[in-house]
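J.: We have chain G already, so just place chain V on it with the hints.
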Amino acid sequence: MSLASSLKFPDFARKPGLRFISRRSGPFSGEVVLDRSRVYILPTKIGVLFGLLLIILLLGSVNYGKSMGYILVFLLAGMGNVAMFATWRNLAGLRLRAGGGSPVLCGEEAVFAVQLENRDQATRYSIAISQDGHEYDVVDLAPDSAGQIRFRKKAGKRGLLRAGRFRLYTEFPTGLFVAWTWIDLSMECVVYPRPAVRASRPVADLTVDGENDIQGGGLEEFAGLRKYQAGDSWRRVSWKAAARSDQLHTKEFAGGQPEMQWIEWNAIAASGVEARLSIMARMVMDAENDGRRYGLRMPGVEIPPALGGRHYRHCMKALALYGSS
Amino acid sequence: MLMAANPLTEKLAPVLLGIHLVALPLYPHLPLPVLLLTALFTVWAWLIIRGRLPQPGRLVMFVLAIAVVAVLIQSFGTILGQLPGSAMLLLLAFLKLFEMKAVRDIAIVIFMGFFLVASKFFYSQSALIAAHVIFVVVYLTSLLIVFSDRLGTTYFNQRMQKSFRMIMQAIPLMLILFVLFPRVPGTLWGLPRDAQSATSGLTDEMSPGTINRLVGSGEVAFRVRFDSEPPPRSLLYWRGLALSNYDGRTWRLENAPVYTQPFVVGGPDQASVYDYTVMLEPHDQHWLYTLESTVQYENRFVLTRELHMVAASRVTDVMDYSVSSDISARNNGLFEPERRKNLALPPGLNSRTIEFAENLYNASGRRAADYISAVLRHFSADRFFYTLTPPLLGENAMDDFLFDTRRGFCEHYSSAFVYLMRAAGIPSRVVIGYQGGTMHPFDDYMIVRQSDAHAWAEVWLDGEGWVRIDPTAAVAPDRIESGIESAGLERELLPNILVSDNALLQRARFMMDSFHDSWNRWVVGFNSKRQRELLGLLGFENISASNLVTWLVVLMTAAGSVIAWWVVKKEPVRNRDVVRIYYDKLCRKLERAGIRYRSNEGASEFIARVARVLPSKRRELAMITGDYERLRYGNDRDERRLRRYKRAVNRFRAR
Chain G
79 MSLASSLKFP DFARKPGLRF ISRRSGPFSG EVVLDRSRVY ILPTKIGVLF
129 GLLLIILLLG SVNYGKSMGY ILVFLLAGMG NVAMFATWRN LAGLRLRAGG
179 GSPVLCGEEA VFAVQLENRD QATRYSIAIS QDGHEYDVVD LAPDSAGQIR
229 FRKKAGKRGL LRAGRFRLYT EFPTGLFVAW TWIDLSMECV VYPRPAVRAS
279 RPVADLTVDG ENDIQGGGLE EFAGLRKYQA GDSWRRVSWK AAARSDQLHT
329 KEFAGGQPEM QWIEWNAIAA SGVEARLSIM ARMVMDAEND GRRYGLRMPG
379 VEIPPALGGR HYRHCMKALA LYGSS
Chain V
38 MLMAANPLTE KLAPVLLGIH LVALPLYPHL PLPVLLLTAL FTVWAWLIIR
88 GRLPQPGRLV MFVLAIAVVA VLIQSFGTIL GQLPGSAMLL LLAFLKLFEM
138 KAVRDIAIVI FMGFFLVASK FFYSQSALIA AHVIFVVVYL TSLLIVFSDR
188 LGTTYFNQRM QKSFRMIMQA IPLMLILFVL FPRVPGTLWG LPRDAQSATS
238 GLTDEMSPGT INRLVGSGEV AFRVRFDSEP PPRSLLYWRG LALSNYDGRT
288 WRLENAPVYT QPFVVGGPDQ ASVYDYTVML EPHDQHWLYT LESTVQYENR
338 FVLTRELHMV AASRVTDVMD YSVSSDISAR NNGLFEPERR KNLALPPGLN
388 SRTIEFAENL YNASGRRAAD YISAVLRHFS ADRFFYTLTP PLLGENAMDD
438 FLFDTRRGFC EHYSSAFVYL MRAAGIPSRV VIGYQGGTMH PFDDYMIVRQ
488 SDAHAWAEVW LDGEGWVRID PTAAVAPDRI ESGIESAGLE RELLPNILVS
538 DNALLQRARF MMDSFHDSWN RWVVGFNSKR QRELLGLLGF ENISASNLVT
588 WLVVLMTAAG SVIAWWVVKK EPVRNRDVVR IYYDKLCRKL ERAGIRYRSN
638 EGASEFIARV ARVLPSKRRE LAMITGDYER LRYGNDRDER RLRRYKRAVN
688 RFRAR
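Sequences listed follow chains G and V, in order. Residue numbering for the first sequence follows the numbering used here, beginning at 79 and increasing consecutively. Residue numbering for the second sequence follows the numbering used here, beginning at 38 and increasing consecutively.
Because the hints were derived from the structure by calculation, they are not lab data. It is possible that part of the hints are untrue.
To be verified - Cross-link-like lysine to any residue pairs, in silico, SDA-like; alpha carbons within 25 angstroms at most:
1) V/683 - V/595
2) V/626 - G/173
3) V/622 - G/177
Unchecked claim - So the derived label-pair ranges between C-beta atoms look like this:
4) G/230 - V/622: 31 to 39 angstroms
5) G/395 - V/633: 17 to 25 angstroms
6) G/129 - V/192: 41 to 49 angstroms
Beta carbons: idealized from backbone N, C-alpha and C, even for Gly.
The following block holds chain G by itself, in its conformation from the complex:
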C-alpha cells in the first residue's frame, strides 16, 4: 500500500509529473492488477474537514473534561482509520485490461473502454474514471464479475490516437478518502482523416432514383445488413431494422453494376497532404455508401478494389496513417 510514501506525496490531480509514478503507471499491455504499489490514498476535502471536526471535538473534550467527548472523538478517529483502509480496499486488487477503441473520424470523440474484473467476493462500488481532471464514468462491480468503464478523448488529428494515462479512483465507502491509480493500458485507436465536404470530381452515370433510393445506375441486389459504421450514408440505413432492434444497420448491396473506382493520390487536385487525404476519405466513404467497389492508390500503398466493412476500414486506416512511420 506504501501508505507512508503516498501520504508524503501531494495529490496533483491532473498530470502526474513524478517519475516514480510514471514508472508504475505503464504503459502496459495485457492485464494489470492494482496492487499495493499502484494504489494511492489521501483524504478528500471532506476528509480534511472531518479531521478539523475531530480536532475541535478533542479540544472541547479536553476543555470541558467530558469523558463521553473523548469516547466520541476516538470512535470517530477509529472510524476514519477504518474508512481509509476500506476505501483503499475498494480499489486495490482490481484487474484492468485494455478494451477496444473503435476508429473515429477526426474531430469526433473517441471512446476507450477499460475492462475491469473484480475477483473478490465483495462488491466494488463507485469506481470512477477520469482524464485531465474530467470525470467520464462511474461503475459498480458485483463480486466475481467483469465490467467496463469508458472515457472519451477528442480526436484532434488523424492518425493513431493514444488513450494515454487515465485515473481510476474511488471515494467509497465514506467519501472521506480517495484511493486512486494512474494507468496507461497502451490503448489506441485510429483516427480517420476528416472527410472533405465534397468529392473532387463527380462520379459518372450518377442518377438519383427516387423509387429505389439508390445512387448509381444498374441493378443491385440487397445483400444483407451490416453494422452501422461512422460515415455511412443515412440513406442506406435500414430503418425497419432499427425499429426492431436498438442498433443501426446499413443495407449492403451486392452484384449490380460492377462499377469500380480507383481513388488515386495523383488524380486529386488539391494542395497539401491533408487536403488530399481529406478528399480521398470522402471518396472512400461515398464509394462505400454507394456500393461501388473502390481501390486505393497512394504513394507506398496500393489496395486493390473491393467493397465492404473490412475493406473500408483498411482503406481509411491507410489514409489515416499515411506519413507516419
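T.: For chain V alone, kept in the frame of chain G given last:
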C-alpha cells in the same frame, strides 16, 4: 428551482431522519418555540423531498435565517451559551438541508450532527447516552456511505450493516486512545455559564415541604466508599449546609465573611476518624456533602466557617473527592456577630411559642443542657407525630405546629427546635443534608439517596462548641437508627427500591446501581487519578507522561496494523470459480507459446487466432472453449462436463 429535477433531494430522507435521531436527547431541554420551529422545518423538508415544494430561494433562506435568530433570542435571550448554541446548530442543520446543492452538502449536515451529539454531554454522560452515541455514529456513518455511493445502488440494510461493521472495527482503537490519552486537568478557554445537568436534591433554602418532597425519590444522591468500616447508622450525618436566617417560613444561608476560618477541634483519639471517598451525582450546586465533621480534605476545595465544603464551580458532572472526618470533632468558633445572627427571630410572631420557651427554660433552672432535654422530651411524648402529609401552617407557623397540628416531618421538628432554642437565648441553627445510607448488598460502597435527605439542628454550648441535636430522633428514633423505610411512614410515598419485597427485582436494581457506579468511576469520572489507578492495575506503575505517549503511539500503530489487515484481507476465492481457474490455466499455457488472451475478442476469434499459430490444436481448443462457455454461463452444473473440461485443460500442450 426545478422541483422534480434535483435527484439530490431524494437522498435526503435518511438525512432528515438522522437529524432527529441525533437531536432526540436534546428535545426535553429545548423551549417550545424552538421545538415548533423544528417541527415546521421537518414538514417543509419532507415536502421538498417528495417534490411537492421547491427548494427555498435566496430570499426565503435569508428570511428563515432571521427567523431562526429571532426565535433563539426570544427563547434564550441570547445566541451564546451552550443550550442556545445547540438549538442554533439544530435549526441551521435544517436550513442546510433546504439549500442542499451538491452531494458534498450532505457531509456538512452529517458533521453538524456529530457536534449536536456532543452537545448532550453537558447534560448527561450516562450509559444510555453512550449507547445513543454509538447508534448515532453508526447511523451517521451509513449516511456517509450514501454520500459516497455515486450510483445509489446500496440500500438501507446494507449500509447499516457495513457501517456497523466499520464502527466495531473502530472500537479497539477507541479503547486504546481512551485509556492512554493523557488527561489534563483545567480548562483551555473556560466553562459555559448556563450548562445545567439533572438537578434534583437539596437547594440552599429550607421550608416546610422541602425535605418531604425528596422522600419519594429513590435517586442516588451520592455513593461512598469507606477505607474501613463505616460508622454506625445513627452517626451518619452528611452535612450539606447550615442555615441561619429565618423569616417565619423559610430558612436561608447567612454565611460568615469569606476570609473567616473554621475552628475545629478534633476528638480524643483516632478511632473516631473515618477516611472515605464520595462519588457525588451532579446537583448543580457549589457545596459538597461530608460526614460531620470534616478534618482533612483536598486543597481544591474550601471549608467555610460553617463547615461547608465548597467547590470552585457548580457540580455539573459526577465528581469524586476524598475526605477524612472525625465524628467526635467539634466546630469551636463563635464570634459575637455570629452569636447575634444565630439568636435572631422574626419579630411579632409566634407569641405562644415564645411564652412556652421562657416557661420551660425557667422550669429547667435556666440550664441549657436541661432545657434541651426538656424540649426533646416534649417532642417524644405521644402527642407529636412524624408524617409525610402534615397539615399546612399559617403565619404563626411555630404556634400552629407546636400547639395545634403537632404533625410534621423533619423540617418541622428541626425548625421548631431551633426556634425554641433561640427563644431561650441559646444560639442555634438548622442544618440540611442527608442522614444514613444503605450498604450495597454485594458491592463495597454505601448508597445515599434523595430519600435520605434530612434536616437537623445544632446548638452552641459554651465550653463545648457547636453540638448537633436531632429532634427527629426524639419523635421517630427508628428513622435515625434504621432508615426512613422503618419510620412508620406512609409506604406508598416511599421509593420502590426501599419498600419492595420482590427479591429478584431488588437484586436487579442493585446490579444496575453497581453498573452505574462502575460507569461513573471508569468512564465518566475517568480522570488522571483514575487513569493511573487503571494502569497500575494493568501492571504499569508510576508511568511518566512521555512513556505514556510512547505506549499510546506503539499500541495505536499495532492496533492500526491489525485493523488494516482485518479490513483489507481478501476473502478466499470460492469453489464455484473453478471453471475460471482452469481457463486461466489454459491461458497461461498459451501465453507461454506467445498467444495472449485479449478480452475484447470473442471466443471464435480467439480460437481462430490460436489456430493460426497452432493449427493442430484447433479442435481441442474449440472443445475446451465450448465446455467453458456452457459451464460458465449455463444454469446447471454438469459434473461430467466439468471433469472433461478440467482434464482437457490439464492435458493441453501449447506446442
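J.: Does each hint hold? Answer for all of them.
T.: Here's how the hints hold up against the structure:
1. Between residue 683 of chain V and residue 595 of chain V the CA atoms are separated by roughly 44 angstroms; this puts the pair beyond 25 angstroms, and the hint is violated.
2. Taking the CA atoms of residue 626 of chain V and residue 173 of chain G, the gap is about 20 angstroms. The hint holds against a cut of 25 angstroms.
3. Under the criterion of a C-alpha separation no larger than 25 angstroms, the hint pairing residue 622 of chain V with residue 177 of chain G is consistent with the structure, at around 22 angstroms.
4. Remark: the range hint 31 to 39 angstroms for residue 230 of chain G to residue 622 of chain V is upheld by a beta-carbon distance near 37 angstroms.
5. Separated by about 22 angstroms at the C-beta atoms, residue 395 of chain G and residue 633 of chain V satisfy the suggested range of 17 to 25 angstroms.
6. Hint check: residue 129 of chain G to residue 192 of chain V, Cβ distance near 30 angstroms, so the stated range 41 to 49 angstroms is violated.
In summary, the structure is inconsistent with hints 1, 6 from the numbered list given earlier, while agreeing with the others.
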